[in-house]
Amino acid sequence: MEIVSEKTFDYFIKGEKNKWEVIIGLEVHAQVLSKSKLFSSSSTKFGAEPNTQVSLVDSAFPGMLPVINQFCIEQSVKTGLGLKAKINLYSVFDRKNYFYADLPQGYQISQYKYPIVGEGEVTLDMPYGTKKIGIERLHLEQDAGKSIHDLDPENSLIDLNRSGVALMEIVSKPDLRSPNEVNVYVKKLRSIMRYLGTCDGNMQEGSLRADVNVSVRKVGEKQFGTRCEIKNVNSIKFMQMAIEHEAKRQVELLENNKRIDQETRLFDTKNNTTRSMRSKEDAHDYRYFPDPDLLPLRLEQSLINKLKKQLPELPDEKKERFIKEYNLSAYEANILVSEKEISDYYEEVVKKSDKKLALNWLTGDLFAVLNKKNLSISQSPISANNLSLLINMIVSGKISGRIAKEVFELMQENNENPEKIVETKGLLQQSDPKKLEKIIINVISNNKDKVEQYKSGKEKLFGFFVGQVMKLSEGKANPQLVNEILKNKLKSNV
Amino acid sequence: MSIDQKTVKYISKLARISINEKKAKNLAKDLTNIFKFIEKLNKLDTKNIEPLTSIAETKLHLREDNIKDGNIRDQILKNSPEKNKEYFVVPKVIE
Amino acid sequence: MSEIIKLTLNELVAGIKKKKFSSHEVTKDFVNRCIKSKKLNSFITDNFDNALKISKKFEIKSNQNKQLPGIPFAVKDLFCTKGIKTTAGSKILNNFIPTYESTVTQNIWNEGAILLGKLNCDEFAMGSSNETSFFGNVENPVGKKLVPGGSSGGSASALAANLTPATIGTDTGGSIRQPASFTGTVGLKPTYGRCSRWGIVAFASSLDQAGPMTKTVEDCALLLQAISGYDPNDSTSIDIRVDNFSSNLTEKVKGLTIGIPKEYRVENMPVEIDKLWKKGMDFLKDAGVIIKDISLPHTKYALPAYYIVAPAEASSNLARYDGVKYGHRSEGKNLIEMYENTRSEGFGDEVKRRILIGTYVLSSGYYDAYYLKAQKVRQLIKQDFDNSFNSVDAILTPSTPNSSFKMGEKKGDPVSMYLNDIFTVPVNLAGLPAISVPSGYDKKKLPLGLQLIGKPFDEQTILNLSLALQKRINFKRNVNNWWK
Numbered sequence: 001m002e003i004v005s006e007k008t009f010d011y012f013i014k015g016e017k018n019k020w021e022v023i024i025g026l027e028v029h030a031q032v033l034s035k036s037k038l039f040s041s042s043s044t045k046f047g048a049e050p051n052t053q054v055s056l057v058d059s060a061f062p063g064m065l066p067v068i069n070q071f072c073i074e075q076s077v078k079t080g081l082g083l084k085a086k087i088n089l090y091s092v093f094d095r096k097n098y099f100y101a102d103l104p105q106g107y108q109i110s111q112y113k114y115p116i117v118g119e120g121e122v123t124l125d126m127p128y129g130t131k132k133i134g135i136e137r138l139h140l141e142q143d144a145g146k147s148i149h150d151l152d153p154e155n156s157l158i159d160l161n162r163s164g165v166a167l168m169e170i171v172s173k174p175d176l177r178s179p180n181e182v183n184v185y186v187k188k189l190r191s192i193m194r195y196l197g198t199c200d201g202n203m204q205e206g207s208l209r210a211d212v213n214v215s216v217r218k219v220g221e222k223q224f225g226t227r228c229e230i231k232n233v234n235s236i237k238f239m240q241m242a243i244e245h246e247a248k249r250q251v252e253l254l255e256n257n258k259r260i261d262q263e264t265r266l267f268d269t270k271n272n273t274t275r276s277m278r279s280k281e282d283a284h285d286y287r288y289f290p291d292p293d294l295l296p297l298r299l300e301q302s303l304i305n306k307l308k309k310q311l312p313e314l315p316d317e318k319k320e321r322f323i324k325e326y327n328l329s330a331y332e333a334n335i336l337v338s339e340k341e342i343s344d345y346y347e348e349v350v351k352k353s354d355k356k357l358a359l360n361w362l363t364g365d366l367f368a369v370l371n372k373k374n375l376s377i378s379q380s381p382i383s384a385n386n387l388s389l390l391i392n393m394i395v396s397g398k399i400s401g402r403i404a405k406e407v408f409e410l411m412q413e414n415n416e417n418p419e420k421i422v423e424t425k426g427l428l429q430q431s432d433p434k435k436l437e438k439i440i441i442n443v444i445s446n447n448k449d450k451v452e453q454y455k456s457g458k459e460k461l462f463g464f465f466v467g468q469v470m471k472l473s474e475g476k477a478n479p480q481l482v483n484e485i486l487k488n489k490l491k492s493n494v
Numbered sequence: 001m002s003i004d005q006k007t008v009k010y011i012s013k014l015a016r017i018s019i020n021e022k023k024a025k026n027l028a029k030d031l032t033n034i035f036k037f038i039e040k041l042n043k044l045d046t047k048n049i050e051p052l053t054s055i056a057e058t059k060l061h062l063r064e065d066n067i068k069d070g071n072i073r074d075q076i077l078k079n080s081p082e083k084n085k086e087y088f089v090v091p092k093v094i095e
Numbered sequence: 001m002s003e004i005i006k007l008t009l010n011e012l013v014a015g016i017k018k019k020k021f022s023s024h025e026v027t028k029d030f031v032n033r034c035i036k037s038k039k040l041n042s043f044i045t046d047n048f049d050n051a052l053k054i055s056k057k058f059e060i061k062s063n064q065n066k067q068l069p070g071i072p073f074a075v076k077d078l079f080c081t082k083g084i085k086t087t088a089g090s091k092i093l094n095n096f097i098p099t100y101e102s103t104v105t106q107n108i109w110n111e112g113a114i115l116l117g118k119l120n121c122d123e124f125a126m127g128s129s130n131e132t133s134f135f136g137n138v139e140n141p142v143g144k145k146l147v148p149g150g151s152s153g154g155s156a157s158a159l160a161a162n163l164t165p166a167t168i169g170t171d172t173g174g175s176i177r178q179p180a181s182f183t184g185t186v187g188l189k190p191t192y193g194r195c196s197r198w199g200i201v202a203f204a205s206s207l208d209q210a211g212p213m214t215k216t217v218e219d220c221a222l223l224l225q226a227i228s229g230y231d232p233n234d235s236t237s238i239d240i241r242v243d244n245f246s247s248n249l250t251e252k253v254k255g256l257t258i259g260i261p262k263e264y265r266v267e268n269m270p271v272e273i274d275k276l277w278k279k280g281m282d283f284l285k286d287a288g289v290i291i292k293d294i295s296l297p298h299t300k301y302a303l304p305a306y307y308i309v310a311p312a313e314a315s316s317n318l319a320r321y322d323g324v325k326y327g328h329r330s331e332g333k334n335l336i337e338m339y340e341n342t343r344s345e346g347f348g349d350e351v352k353r354r355i356l357i358g359t360y361v362l363s364s365g366y367y368d369a370y371y372l373k374a375q376k377v378r379q380l381i382k383q384d385f386d387n388s389f390n391s392v393d394a395i396l397t398p399s400t401p402n403s404s405f406k407m408g409e410k411k412g413d414p415v416s417m418y419l420n421d422i423f424t425v426p427v428n429l430a431g432l433p434a435i436s437v438p439s440g441y442d443k444k445k446l447p448l449g450l451q452l453i454g455k456p457f458d459e460q461t462i463l464n465l466s467l468a469l470q471k472r473i474n475f476k477r478n479v480n481n482w483w484k
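Residue numbers (the numbering used here), protein chains in the order written: chain F, 1 to 494; chain E, 1 to 95; chain X, 1 to 484.
Next comes chain F alone, as it looks inside the complex (with noise of 0.2 Å):
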């Protein structure tokens, strides 16, 4: 029997004359978490001054040379262990030639014919189904400084302090297609390196950035069309943006017989279009050539089986593992898995409280207020700890789940113990039948007309009769008694 997902894949450019696919590759240039940089002890902090991070390697000073940082070996191992990939145990460091202000040596050290790792692959849950989106290699290069045009009306300024931080790149085979998938496959990417502590994903800091090529053919053909790249996308959604335009783009040009120049482009975040690079008259012709300062990289095998062994449980694992272990769907596995910390917190919460209720409170009301304050999970104001016992409080009954969420407002102001706040406010949950019932009496009484109203039919008043309830007993009441005791007492007729 056939089993039928709930949606099927339907992004398509709608041509006025034919129905098109759109063909995405992407190259995903992520920068390694270490110390210092690839080839010189300079450190790779985010936002220092200009040129502070900057040494005499960095800057191609006459007679400097490379020396390889072993951390970033071993970081870009682990990637490509956590990409399902194969590790080559023999690589080269090549140099590519080009010139650029931002660009000290006139060349960058990238991997061209052998790099560090070769053919893996990353699964992606759609709606439509799980896809496997193959990976084509992973390389380690330099990364370029930054060359600011907009401090000055006549000249460029350049700072080198990302000068020679450690790049992985990701070469994605052209397996996606639609910018949703390449959404969800940057987040994949992102969610798997944060996982294994190579790369902070960071997009606004610049730590992952994207080229993204992008073809189009129509429905049916085979062969590919020619394609365009857009460079250094520094966003999803701007990647998302990118590629509908310049599919759109393709698919008049063909559809009114023109050509498609194989180019590079560039976003134009302004007017959220793509265009042709002006400097970009003749190819780069980049010379490629194994780096002379350099010798070939030669792994051991056993450094891979212990780094293979040090690897953390990844996302794919973590997910299955959850579905199992804490009898959650699919869905809610995801969003718990989509970041370690959010897991970690999850499952730090559930050792000692319910699972379902963790789950709520975690995505639903901590999101919201981590959303709000912009904050991410490991700068929660709420600590895993305090939320269990939160939680805790809730299933024994000592609060309401109306209190609970007026506990959990104070327990953001600084982490407060919330057995503390309950005790302190006075806010245990009064469950005290013949106290409740003394409300309910006083509350009846004093709304005599109402409760003919109710009794001639007006049901919709007994909200009314507990809102009462709760307002004399400072939403302190136990609903579920409150609500029993009120019934009662409304049918008997006090």
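In case anyone wonders, no lab produced these hints; they're calculated from the structure.
Built from N, CA and C at the ideal position, the CB exists for glycine as well.
It is possible that part of the hints are untrue.
[Claimed, not checked] Sample of chain E residues at the chain F side, in silico, Cβ under 8 Å:
1. Thr-53
2. Leu-62
3. Asp-65
4. Ile-67
5. Lys-68
6. Asn-71
7. Leu-77
8. Glu-86
9. Tyr-87
10. Lys-92
11. Val-93
Knowing the structure of chain F, use the given hints to seat chains E and X on it.
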């Protein structure tokens, strides 16, 4: 193989060296002669030979990930043709 | 003329240590001679005042354990010297003052030596006659308007004229050995990886090596010891023990075998060179050495391969000279124009030629046919040597196919200039150590050298053999001070 002026101009562009017509002509001649000399290699069959990847027979030295450099901005900018306390300054790039 | 300036390095070191004379006296004599020898144009930058000051304060008491205590010492202007202008013989670095010191020169200063000045050289070490320097030609002290060889022409000239007791140069295709041959001095290129390349203006990274240039073999051993050593800042530097080349130096070479490669007997080789070669063999036989014929079949492909590999690496190494961070900068409406004008004005013709060759052989469509092929040829050349070293301990050849020539004689023809390096280049391609020892004069009364090539890291053996030769040849350098 003969190197013509058009090729000389193309390579000069790649190498970011400006040359005038006269220079291009002379260089075409010089380079053609040099390449005639270099092309003696074509007589040699090297089909099954591995290229020499490194002369120094040793393992690539791996450095520990520690911050031991940087914070020498004055030194870095000292020889800069355009004086600026924080940046290197270059004529604008047209993108 | 002062007698001090005629002394060898070893004699000067001994004299200073025994307090026969002071560092200041020695430095003063050399400085005075330098000042009177400006015609040779061996120096680009002098450090005379500083040197005199430092030498005055120099105390031998606390420096007895140093190898070069208080010795005034000039170096090729390819070594970055802290606070002292370093030009690489080029306009593009005409105003460059490094804030750092090269490892090799630091080693020299650590041994107590004092910087006398920076010596002229072919621009970016590209040349065989010191005629491509932005700072003008260098004269060979051996005779007027004769080239000293290159690229370490200023070094060889200053050494031969007794302007510096010893010096260091760099050798990429013969730039130490060829000028040594042309000036009647000793020049050694160590095994690739023996000395650090950190802080040396790079020409061709897989070929460059710093090396000693001295008046005698004994001096050469001493200086080699001082400059050698592993440097973790240079990834191509080899972590191998530095032997005491000096104290291990001996002329007892009996029983060693020397190979004579038939392919070095080139077409139209001057008779005198062949004669000199034979004389060298006789001298070594006299010392108990066994002479054996060997074959290095791929020798004739070495020079073409070199003129692919070296320019290719140079084209990339010289890309950093763009006017952005240091050095000369020309005007330009935009960045590209600035680059093109800077590099056009800043580089001389030979450098430009080689950059263009290098750019071309690496370019798309040509990489396999040229660069890759040349690297394969390199493998073959190395194999030739490796095979020979199974049956010989060292190889003897002439250093150069001719003696010095008149300035301007070969300038119009790059290829004929390149042919100067025919005997020296294979050594760089294979990364081996080699030394040129002054061995005689040709008909024109110009000096010629013999070259000994050794096994990797076996500088000791070629030094020992050179000592045996030196003792028997008894070469006399005729320095008649015509330039003063």
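Are there hints from earlier that the structure breaks, and if so, what are their numbers?
-> Result: no hint breaks.
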